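Trainee: Protein sequences appear in the order of chains D and E. Following the numbering used here, the numbering of the first sequence begins with 1 at its first residue and continues without gaps. Following the numbering used here, the numbering of the second sequence begins with 1 at its first residue and continues without gaps.
Hints are supplied without guarantee of correctness; some may be wrong.
[As the list claims (entries may be wrong)] With beta-carbon atoms standing in for the labels, derived distance ranges:
1) E:V132 x D:D9: 48 to 54 Å
2) E:L31 x D:A138: 29 to 35 Å
3) E:I14 x D:A65: 45 to 51 Å
4) E:D92 x D:T43: 54 to 60 Å
5) D:T43 x E:L30: 54 to 60 Å
6) E:T136 x D:P360: 30 to 36 Å
7) D:N47 x E:L31: 48 to 54 Å
8) D:P360 x E:I14: 52 to 58 Å
Simulated from the structure, these hints should not be mistaken for laboratory data. Computed from a predicted model, the values in this text were never measured in an experiment. Every residue gets a Cβ at the ideal spot worked out from N, C-alpha and C, and that includes glycine.
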Amino acid sequence: MSETTITADAVHEQSFIDKAKEFVFTIPVNKVTIKDLLGFEKTPRNNFIAVLTLAFIAMFVVGVAIYLSQGHHAYNVTREHPWGLLIAVYIFFVVSSTGLCIVGSLGDVFGFKDYELISKRAIFGSIVTILAGFAVIAFEIGHPVTMMIYNVLSPGLTSAIWWMGTLYGIYLTFMIIEFIFLLKNDMKMAKIFGLSGLLVGLAAHSNLGSVFGFLNARPISNGVFYPTYFILTAFITGIFIAFIIMGIRYKNVFPEAVKTMLTGLAKIQALLLSILIFFVTWKMLTDIYGGMPNRADVALHILGSWTFWAEVILAMVIPLIVILKDFGKSHVLLVWVSLAGMVGIFFMRYNLVHDTQLKPLQMMKIREYQLAPEWIHYFPSGTEIMISLGGVGLCIAMYYLGTKLFNLDSNH
Amino acid sequence: MARYGMVLDYKNCINCKACEVACKEENGILLGADKHRIWVGANDVAGEWPLLDIVSATFMPSQCQHCDDAPCQSVCPTNATYYDENSVVRVDPDKCILCSYCMNACPYDARYVDDRTVTVDKCNFCTDTRIVRGETTTACQNTCPTKVRTFGDLDDPESEISELLRTREHFSLKAHLGTKPKLYYLT
């Protein structure tokens with residue numbers, strides 16, 4: 001009897017392995033040679049992007065080499081400002097990933113037909129951006145291997161970082177499976193994994209907001225604002241990238257179906273940007289009102305920084321004006337505005353990380369000849385900048401590879 | 001099993017920094033201004049001569065507050081920060097991944113990176129250096145010329161620290177954050 005069970009189990013196991021093998025081997029992948037990769041149209045713009053991408057990847061290699069030899073001394077992070085540019089860039093990438101996941105889900109999860117033609121690109125983009133984010137954070141976390149071991153063996157369940165990291169791991173898995181089903185044109189399974197990935201991604205992303213929101217010692221960040229704001233800004237980032245992706249795909253000459261989709265996305269973007277401006281205005285007003293120490297003074301300091309205004313002008317004001325001008329019909333202009341918008345989004349992430357740490361927690365001087373600390377100063381080091389740009393290079397390279405390996409256009 | 005805490009009669013502090021030196025010596029803390037487990041904060045005298053505000057010149061010795069509800073412990077993703085059997089907040093360098101979340105979450109700026117282990121380090125009430133060999137004082141307390149610091153078991157009603165807390169008015173730093181610090185400043 002037991003022998004029969006063992007045999008049945010073995011057969012079952014074998015059939016599962018066979019099914020898994022079949023699932024993997026039937027993924028539609030194009031054969032790509034080095035010649036194919038180098039066979040892009042040699043226009044000045046393409047050449048420029050190619051050289052820039054290679055330069056960024058070279059910077060990544062150099063930056064990582066410096067980091068591996070000098071550790072965190074290669075960065076300008078300090079005891080008072082332990083989180084620097086790389087944390088901001090990691091957030092930038094994972095926000096992009098969550099945003100692209102939301103945009104991708106419009107078509108294949110929620111069934112909005114107009115948006116189906118970007119689903120595959122957006123979902124692939126979400127995988128690429130989160131991988132770039134992981135590549136950057138791997139060189140910010142002091143012990144990434146220890147992290148993987150003790151995240152499992154000794155999980156800190158009260159830690160927002162634990163939840164964020166773990167949920168993002170699950171999210172990435174769901175996104176990859178969803179992408180495979182999209183490639184296989186199995187829309188039913190893609191929808192199941194897409195919805196699961198979206199829900200886990202939103203949970204992960206709001207947890208990333210709570211990493212800052214839970215900081216009781218930092219009144220400028222503490223509270224419900226960031227966990228919700230992160231989801232809103234993710235959607236906005238996703239739409240900016242959707243415009244860029246479509247601009248590259250169609251070389252800014254859009255077919256009618258794409259135009260309809262882009263106009264729709266632009267209208268959603270106008271609504272989201274209006275909500276964002278409303279949120280940020282009230283955040284600033286409530287921060288300043290009443291002059292509460294450690295909050296009002298920090299908010300006023302933020303209002304005086306150019307990086308805050310770079311964020312407001314590039315990521316909020318200009319895109320909103322351009323969309324409202326003709327309700328999202330200037331598609332080509334919007335591609336360029338979205339590119340500038342992503343620069344604004346970068347400043348948004350940088351500000352979020354830096355502004356949280358602006359106010360020193362020790363307000364007395366602790367050594368002779370020192371002035372009592374007023375504001376914490378930080379400017380990223382060359383190594384930090386190189387690794388960050390490297391992340392952008394990796395992202396572009398992985399996306400380009402994807403366009404060659406997979407059919408990213410809609411099957412419909 | 002004790003519940004260790006410390007009382008600081010901070011108005012007796014003369015800013016000689018012997019405590020900082022003793023801490024570095026006893027616990028092998030690396031040299032460098034940023035590498036410190038404990039410190040003495042100083043407010044300069046405010047005002048212009050001759051109207052100097054002499055009461056503004058205060059010295060505030062400080063360190064990890066060994067909070068009963070420590071934010072650094074809550075935020076640690078791998079439980080590298082933990083409470084030991086004597087309620088001392090400690091870091092296990094084997095589990096620390098150097099995400100620096102604890103450094104950001106600690107309201108007292110009591111944590112720094114030890115360049116040898118490349119992990120976060122902080123005051124542990126000399127647990128692994130003095131307490132383990134049977135001493136009953138910390139290095140900073142032992143060396144203080146004006147007896148600012150009193151270390152002891154808060155759960156022992158007969159201890160000197162319990163006696164001081166019963167008989168002297170005291171306050172804790174940033175108590176409004178609900179961290180329940182185990183460092184008490186006598187007024």
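Trainee: Evaluate each hint against the coordinates.
Mentor: Cross-check of the supplied hints:
Checked against the hint of 48 to 54 Å, the C-beta distance between V132 (chain E) and D9 (chain D) comes to roughly 53 Å, which is consistent with it. Under the hint 29 to 35 Å, the C-beta atoms of L31 (chain E) and A138 (chain D), about 31 Å apart, fit the expected range. In this structure, I14 (chain E) and A65 (chain D) meet the distance hint of 45 to 51 Å, their C-beta atoms being roughly 49 Å apart. The hinted range of 54 to 60 Å is satisfied by D92 (chain E) and T43 (chain D), whose Cβ atoms lie roughly 56 Å apart.
T43 (chain D) and L30 (chain E) have their C-beta atoms about 55 Å apart, which keeps the hinted 54 to 60 Å range intact. At about 35 Å, the beta-carbon gap between T136 (chain E) and P360 (chain D) stays in the expected band of 30 to 36 Å. Our hint of 48 to 54 Å for N47 (chain D) and L31 (chain E) holds, since their Cβ atoms are close to 52 Å apart. At about 25 Å, the CB distance of P360 (chain D) to I14 (chain E) disagrees with the hint of 52 to 58 Å.
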